[in-house]
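Sequence lines, in order, name chains A and B. Convert by adding 4 to the 1-based position in the first sequence; the result is the number in this note's numbering. Convert by adding 4 to the 1-based position in the second sequence; the result is the number in this note's numbering.
No wet-lab data here; the hints were simulated from the structure. You may find that some hints are simply not true.
Because identical chains share one entry, a pair is satisfied inside a single copy or across any pair of copies.
[What the hints assert, rightly or not] Straight line, CA to CA, 20 Å or less: simulated SDA-like cross-link-like pairs of lysine to any residue: (1) K238 with A207; (2) K238 with P132; (3) K238 with A209; (4) K238 with A206; (5) K14 with D133; (6) K14 with P41; (7) K14 with L168; (8) K154 with P23; (9) K131 with V91; (10) K14 with G177; (11) K14 with V91; (12) K131 with L163; (13) K238 with R43; (14) K238 with R77; (15) K238 with P23; (16) K154 with G211; (17) K14 with Q217; (18) K131 with G61; (19) K238 with L163; (20) K14 with I65; (21) K154 with G230; (22) K238 with Q84; (23) K238 with R165; (24) K238 with G62.
Keep in mind that this is a model prediction, so the values were computed, not measured.
2 protein chains.
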Amino acid sequence: MAAPHARICKGCWQQLRLPVPLRGPASVPFRVFGIRPSRMNPNICTICELMFTRIRGGRTISVDVSVLFADLRGYTTLSQLLPFDAVSSLLDVFYDECAEAIWEHDGLLNKTLGDAVMAIFNFPIEKPDHAEQALRAAREIQRRCGVRFKSLLADHPELSRSELGVGIGIDCGSVTFGEFGRSHRDLTAIGTVVNTAARAQAATAAGQILVTQSIRDRIGAGWISGEGRAYDLKGFENPVTLYPA
Amino acid sequence: MAAPHARICKGCWQQLRLPVPLRGPASVPFRVFGIRPSRMNPNICTICELMFTRIRGGRTISVDVSVLFADLRGYTTLSQLLPFDAVSSLLDVFYDECAEAIWEHDGLLNKTLGDAVMAIFNFPIEKPDHAEQALRAAREIQRRCGVRFKSLLADHPELSRSELGVGIGIDCGSVTFGEFGRSHRDLTAIGTVVNTAARAQAATAAGQILVTQSIRDRIGAGWISGEGRAYDLKGFENPVTLYPA
């Protein structure tokens with residue numbers, strides 16, 4: 005069951021000690037000015053999302069976060085085999101289950117592009133144990149999508165031999181968070197951590213989660229018992245050790 | 005030089021015959037209600053972007069469009085070699101030059117994710133010659149980024165041997181445009197055309213544009229004089245013919 009939503013913006017409260025009402029009668033005057041729950045996380049507001057530069061007094065800041073990439077394996081193939089409505093509802097299911105799992109762990113669903121999702125943990129909602137939160141969210145995505153895809157495949161026996169599952173990569177460390185581009189302003193994070201998480205995701209099989217050494221160091225080996233393996237990731241000169249989690 | 009921006013929303017006008025002021029004194033009352041130029045295209049408004057379902061009376065529609073994917077080659081490698089500010093300004097340059105080129109041709113800069121950009125031509129601003137507009141935008145992106153990257157590389161002689169360039173893929177045909185996901189609503193297009201454009205982009209070398217047979221058929225071989233070649237694209241059972249353009 006989804007957690008009840010916050011009544012004031014968690015981001016504005018933690019970052020600025022500003023109580024911005026998100027729900028109930030107090031939120032009405034705010035809504036007139038376009039301040040409402042963000043699409044990226046229903047517990048933060050559009051001030052966090054759209055007025056970053058104005059409020060932080062600069063375009064970017066350096067923050068310690070965990071970054072998660074999830075990708076729907078088999079999507080390109082399936083979208084050629086399935087009737088149109090089924091592809092559309094497959095994507096609905098994937099986005100929704102990812103969103104719920106990410107929000108349960110106070111993450112920001114920063115980006116979706118086709119069959120890929122990018123989430124950030126520890127900003128603007130602070131979570132000192134963000135690496136653990138990101139891994140919990142990843143396992144929740146796998147669990148939720150596993151259930152939903154099973155029933156989808158049962159409705160389409162012609163897909164029995166197709167691959168359908170989620171691949172997830174996670175890394176943590178310092179990134180630059182802020183607005184990039186001047187004519188098309190875009191709120192996101194950049195840095196090697198983001199690239200590593202994306203490439204780790206690309207290395208997964210359907211149903212798998214791969215995390216970096218930094219994630220394992222923070223969470224502890226008890227949580228991540230799999231053996232590490234060196235992977236050659238595109239754009240990285242040296243092999244990167246990843247752990248199934 | 006950038007074209008002057010429209011005074012009323014081109015999307016609302018073409019789709020609904022509704023004159024929504026974007027600039028000047030008439031736009032002030034609209035801005036109070038959060039109706040302002042969209043980040044996806046400064047000549048359309050946030051009604052086009054945020055209230056799609058309410059206005060169209062349904063979550064998705066089927067439209068004939070061209071889809072363009074552009075990707076910054078060498079970004080992962082460069083972001084490990086360059087000082088932080090340089091990576092940030094590299095991304096600023098890439099997003100801004102893509103945005104200007106796409107908007108000049110009335111496209112929608114629908115998505116950015118890391119070093120990738122996705123644009124849609126012919127919706128919500130109608131362009132019967134959208135395939136040609138998309139190709140013109142692609143060539144403009146290459147021209148603009150070529151100039152900017154040359155000066156960036158001149159400032160960083162240590163990068164002389166690095167790859168830095170844009171790869172672009174374009175396809176056209178029918179897609180489903182609308183809102184996907186229910187808890188995290190997301191306005192985008194889905195369909196085989198989107199997947200083909202993304203995979204065509206992945207097949208390009210730095211500085212290259214690859215287009216599909218559908219694009220070539222619409223624009224005519226005069227514009228696209230290169231020889232077609234069959235490519236094995238991920239997720240596609242049969243090879244796909246792509247033309248350098």
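Exercise. Under a CA distance limit of 20 Å, which applies to K14 and Q217: within one copy, between copies, both, or neither?
Worked result: neither (30 Å within a copy, 50 Å between copies)
Problem set entry | K238 and A206: within-copy, between-copy, both or neither at 20 Å Cα | both (9 Å within a copy, 13 Å between copies)
Exercise. For the identical chains here, do K14 and V91 meet the 20 Å Cα criterion within one copy, between copies, both, or neither?
Worked result: Neither: 35 Å inside a chain and 30 Å across chains, both beyond 20 Å.
For this session: At 20 Å max between alpha carbons, let me know whether K238 reaches R77 within a copy, between copies, both or neither.
Result: both (19 Å within a copy, 11 Å between copies)
Exercise. Between the shortest in-copy and the shortest cross-copy C-alpha distance, which are at most 20 Å for K238 and G62: within, between, both, or neither?
Worked result: neither (32 Å within a copy, 41 Å between copies)
For this session: Can you give me the call for K14 and L168, within, between, both or neither, at a CA distance of at most 20 Å?
Result: neither (35 Å within a copy, 40 Å between copies)
Exercise. Is it within, between, both or neither when you check K154 against G230 at 20 Å Cα-Cα?
Worked result: Classified as neither; 26 Å inside a copy, 45 Å across copies.
Exercise. Between the shortest in-copy and the shortest cross-copy C-alpha distance, which are at most 20 Å for K238 and P132: within, between, both, or neither?
Worked result: Intra 30 Å, inter 39 Å, cutoff 20 Å: neither.
Problem set entry | Same-copy or cross-copy closeness of K154 to G211 [CA-CA at most 20 Å] | For K154 and G211, only the intra-copy Cα distance (12 Å) is at most 20 Å; the inter-copy one is 42 Å.
Exercise. From the Cα coordinates, with 20 Å as the cut-off, is the pair K238 and L163 best called within, between, both, or neither?
Worked result: between (31 Å within a copy, 18 Å between copies)
For this session: Give the relationship of K131 and L163 under a CA distance limit of 20 Å: within one copy only, between copies only, both, or neither.
Result: Cα proximity of K131 and L163: none, with 40 Å in one copy and 38 Å across.
Exercise. Checking K238 and A207: alpha-carbon separation at most 20 Å within a copy, between copies, both or neither?
Worked result: Answer is both: 10 Å inside a copy and 14 Å across each meet the 20 Å cutoff.
In this structure, the hints that do not hold are numbers 2, 7, 8, 9, 10, 11, 12, 13, 15, 17, 18, 21 and 24, in rising order.
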